[in-house]
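Enquirer: Spelled out from the first residue to the last, the chains are:
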Amino acid sequence: MKSDVKQETLALNGDEAVAYAVKQSDVDVVAAYPITPQTIMVEKFSEYVANGEVETEFVCTESEHSAMAASISASATGARAFTATASAGLALMHEMLFVASGCRTPVVMAVANRALSAPLNIHGDHSDTMAERDSGWVQIYVENAQEAYDSVIQAFRIAEHTSVLLPVLVGLDGFTLSHTLENVTALSDADVKEFIGERKLINVLTHEGKSVPFKLDPDNPMTMGPIALQNYYFEFKRQQEEGMKNALALIRQVHDEYAKLSGRSYGNGLVEKYQLDDAEIAVVCVGSTAGTMKTVVDELRAEGVKAGLLKLRTFRPFPVEEIQNALGKVHAVGIMDKSMSFGGNGGAVFHEVRHALYDLAERPLVVDYIYGLGGRDYNPKEFKKIFNELRQIAHSKRVHKLVNFTGLRE
Amino acid sequence: MATTQEWKITAKDIAEKPDILMPGHRACAGCGPAHALRLVMKAIRGPTIVTEATGCMEVVTSIYPYTSWAVPWLHTAFETSAANASGIEAALKVLKRKGKLKQEHVDVIAIAGDGGTFDIGFQALSGAVERGHDFLFVLYDNEAYMNTGIQRSGGTPMGAATTTTPAGSVMPGKLQHKKPIADIMVAHGMEYVASASPYYWKDLLQKVRRGLEVEGPAFLHLFAPCPRGWRTDPAKTINYSKLAVESCVFPVYEVVNGKYTLSTPSKLIALAPQKKKPVADYLKGQGRYRHLFAPQNKHMLDEIQRWTDERWAKLQQKVEQTA
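Residue numbers (our numbering), protein chains in the order written: chain X, 1 to 410; chain F, 1 to 323.
Simulated from the structure, these hints should not be mistaken for lab results.
Think about it this way: if two alpha-carbon atoms lie no more than 27 Å apart in a straight line, the pair counts; the simulated DSS-like pairs of lysine-lysine are:
{"no.": "1", "chain 1": "F", "residue 1": "242", "chain 2": "F", "residue 2": "202"}
{"no.": "2", "chain 1": "F", "residue 1": "93", "chain 2": "X", "residue 2": "200"}
{"no.": "3", "chain 1": "F", "residue 1": "275", "chain 2": "F", "residue 2": "202"}
{"no.": "4", "chain 1": "X", "residue 1": "210", "chain 2": "F", "residue 2": "102"}
{"no.": "5", "chain 1": "F", "residue 1": "314", "chain 2": "F", "residue 2": "275"}
{"no.": "6", "chain 1": "F", "residue 1": "96", "chain 2": "X", "residue 2": "44"}
{"no.": "7", "chain 1": "F", "residue 1": "102", "chain 2": "X", "residue 2": "193"}
{"no.": "8", "chain 1": "X", "residue 1": "193", "chain 2": "F", "residue 2": "100"}
{"no.": "9", "chain 1": "F", "residue 1": "242", "chain 2": "F", "residue 2": "298"}
{"no.": "10", "chain 1": "X", "residue 1": "260", "chain 2": "X", "residue 2": "193"}
{"no.": "11", "chain 1": "X", "residue 1": "329", "chain 2": "X", "residue 2": "245"}
{"no.": "12", "chain 1": "X", "residue 1": "306", "chain 2": "X", "residue 2": "397"}
{"no.": "13", "chain 1": "F", "residue 1": "100", "chain 2": "X", "residue 2": "210"}
{"no.": "14", "chain 1": "F", "residue 1": "98", "chain 2": "X", "residue 2": "44"}
{"no.": "15", "chain 1": "F", "residue 1": "236", "chain 2": "F", "residue 2": "267"}
{"no.": "16", "chain 1": "X", "residue 1": "200", "chain 2": "F", "residue 2": "102"}
{"no.": "17", "chain 1": "X", "residue 1": "260", "chain 2": "X", "residue 2": "294"}
{"no.": "18", "chain 1": "X", "residue 1": "200", "chain 2": "F", "residue 2": "98"}
{"no.": "19", "chain 1": "F", "residue 1": "93", "chain 2": "X", "residue 2": "44"}
{"no.": "20", "chain 1": "X", "residue 1": "200", "chain 2": "F", "residue 2": "96"}
{"no.": "21", "chain 1": "X", "residue 1": "193", "chain 2": "F", "residue 2": "93"}
{"no.": "22", "chain 1": "X", "residue 1": "193", "chain 2": "F", "residue 2": "96"}
{"no.": "23", "chain 1": "X", "residue 1": "401", "chain 2": "X", "residue 2": "384"}
{"no.": "24", "chain 1": "F", "residue 1": "96", "chain 2": "X", "residue 2": "210"}
{"no.": "25", "chain 1": "X", "residue 1": "200", "chain 2": "F", "residue 2": "100"}
{"no.": "26", "chain 1": "X", "residue 1": "401", "chain 2": "X", "residue 2": "273"}
{"no.": "27", "chain 1": "X", "residue 1": "306", "chain 2": "X", "residue 2": "273"}
{"no.": "28", "chain 1": "X", "residue 1": "193", "chain 2": "F", "residue 2": "98"}
{"no.": "29", "chain 1": "F", "residue 1": "242", "chain 2": "F", "residue 2": "8"}
{"no.": "30", "chain 1": "X", "residue 1": "306", "chain 2": "X", "residue 2": "329"}
{"no.": "31", "chain 1": "X", "residue 1": "384", "chain 2": "X", "residue 2": "329"}
{"no.": "32", "chain 1": "X", "residue 1": "385", "chain 2": "X", "residue 2": "306"}
{"no.": "33", "chain 1": "X", "residue 1": "210", "chain 2": "F", "residue 2": "17"}
{"no.": "34", "chain 1": "F", "residue 1": "259", "chain 2": "F", "residue 2": "8"}
Every beta carbon over 12 Å from chain F, so not counted as near; a handful from chain X, in silico:
{"no.": "35", "residue": "244"}
{"no.": "36", "residue": "245"}
{"no.": "37", "residue": "404"}
Label-pair restraints from in silico Cβ distances:
{"no.": "38", "chain 1": "F", "residue 1": "235", "chain 2": "X", "residue 2": "236", "range": "36 to 42 Å"}
{"no.": "39", "chain 1": "X", "residue 1": "204", "chain 2": "F", "residue 2": "16", "range": "28 to 34 Å"}
{"no.": "40", "chain 1": "X", "residue 1": "204", "chain 2": "F", "residue 2": "176", "range": "42 to 48 Å"}
We treat Cβ as the ideally placed atom computed from N, Cα and C, and that holds for glycine.
Please put together the full structure from these sequences, using the hints given.
Expert: Structure (C-alpha cells):
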C-alpha cells in the first residue's frame, strides 16, 4: 500500500458501494433501469446526479434492453459507460450483451445476482449471470461490499484496455451483499481518477490507411456494428476470444496495481486460495459464500482437518491454469453451484472446474453441490456436512453421487 | 424551433451536394427506402451521427468490409435505434460539457423501418421521446418486414398480401388497418412530427432539416414503396409515392407543437377535393392488392376507401381545430 494514500471508511451496502465507485470513476454516461435488488445503485446514483455531485449524463431508460443499447452506443461515441441490472433485467438484455462484446464496447455493468422466473423470486442466486456466461463479457464475482467497490473501479481499467476492449460484469449476491450494510474503505476521488485514467481509444486504420480513433466521430466517419456474413463473421468472433485471453493477464495486473494502491487484494485477481497449500479436501465457490466458507475452513482446520477453499473471483475468462495449480493435489473437491444447468449433469461452475482438471495426470475427484437457489439460506453446519462427505470421498476414492442438492426439501 | 429562417434549396443545390448515403449499396432496383434515405442525408446541416435499426437499409448499406455511409454510423439491433440515439446524444452532451468534443454540435439521426418503429422498436422510441433526447427519428415505411421476405407489420395496410397475411380463399390479405404512428407520436407531445413522400422531394428535404433544427426529439414518417414487397414495377416507385398522396392514403403534413398543417401537395387536395383520386387508382397496379379486385373482395376495397376518407377528414379537422 502506498504510504501517502488516504482512505476513509464508510458504512455502505453492496449497491451503495457500487454507486460510490461509479461516482468516483469519472463515468460519462450511466444508462440504467431499476430492478430489485439492484435498485439502490440506480437510486443512489440518481441522488448524485440530482445534487450535482457528478458530471455524468444519467439516462433512466424505459427498459433494460434500452439501457444496454444506450450504454453500447454511448461507449461507441467515445464515452465511459456504466449500467447495472439483475435477474430478469439481465435476461432482457441478453441480445444486447452479445452486441456489446461484439462491438467491442467496454461497458461496465454491476449485476446484483438474483434468481430468474418462474416462479418469480427476488432473492439471490447466480441463475442470471451464469446463463450469460457465453455472451462475451468478462465476469467477476465478489465476496463482500468492499470487493464490490474495489472491483467496479478495476473493471473500467480492464474493460477499456486496448488489449481487451470487452465489457465487464461485476456480480454481487442479491440482498446478501446488495442490501447488507458493511464497512467499506474507499479511496479518495483523486486516487480513483488517477488509477483509472481517461478512457483511451484504440486507433484503427481506415480504408485510406489513415489511423483514427475507434469511435463514432464526424471527423472520421466509421461504420460500426455492420453486417458480416460467412466471409468475415468468424474472424470477428476469433478476435473477441483474443481479447478474453488478454483479459486473463490484465485482470491480474490491474488487481496487483490496485492492491499496491489500496492495500487490498483478492488472491491474484482471478482466484483466491484459502488454506489450499496442503489441503486434502476443498470446495470451490463463487461470490459471498466464500465468506461463510472461510469460517467453516477455519473451524475444520482447528479440528485438524486439512480443508481448503478456492474462491473463483473471475469466471470469464476462465482461469484454467490457476485452477489446475490450486486443485491438482487436492484429493476431493466439492463445487458449489448457485444456479442450475437443467439437464446438464451439474451446474456451470462444476462443468468448468471439472473440465479444467481433466488434463492433469493426477486429479481430484470432483462433485457438485447445487445450493441456495432463490435465496435459500445456507449455513456453516451444512457446509461442514459437505466437507465430511468430501473426506469420505477422499478416503474411499469413490463418488456415490456426482450432483447433489444441498439445503433442499426432498 | 432553433431557427426561423427557412432553408432555401434548389434541385441544383441537391444535385451538387455529395451523397452521404453513397452509391454501391445493395438495395434492389427501384428501392423506395434507399431513395428516401439518400434524400434525407442530403438535408443534413453539419456533423451528424446516424444510427440504424436492423432492416433493409441497414443490411444493404453496411455489408462488411464495405459501407455506403459517409457519416459515422452505428447499428446494434432491430429494436434499438431510438435507444442508440439516446446513448449517443447523452455521450455527446457530456463529452461537450467536459470539453472533449471537437464539434460545436453533432446532430443525431435514428433510422428504422416500419418493423423497427411500429412494432419491435416502438417501446424504445416512445421511451426516448418521453425522455426528450435531441434526435431526429426517421421512419422509412415500406409497410412490411421486407428484409426477411415480406411479413406483415403494424404498418402494413389493410388488404395487403404479405407472406404472413397471404391472400387466401378465406382471408383477403391483412385484416387490420395500419397503426396511426404519426398520431401516436404527436400524442407524446413532441415539438415536431411530419410525414413526407419522396415524389415531393423538396418537401421531404425541408422536413428533415426542420426536424434536425428542433432541440429535442422529432419524428419523420417517410413513405417508401418497395417494388419487391408490393409487387410493383421498380420503375414506378416514384409514381406510387405520388399516387399515395393524391389518393390521401398517405397525406403529407406537419405537426409543430401540436398544430397540424397540411403540406402543399395535400393542401391542394383539401382546397380542391375533386382532385382527390380514388384509392383504387393507387391500389390497382400493386400485386399485393391484386386479390382485392376480385368481386368477392369488393367489401375490402370499400372499407379501405371508407377508412382513407375518414382518416383524411379527421386530419383536416385537426388542421382546423389547431389552427
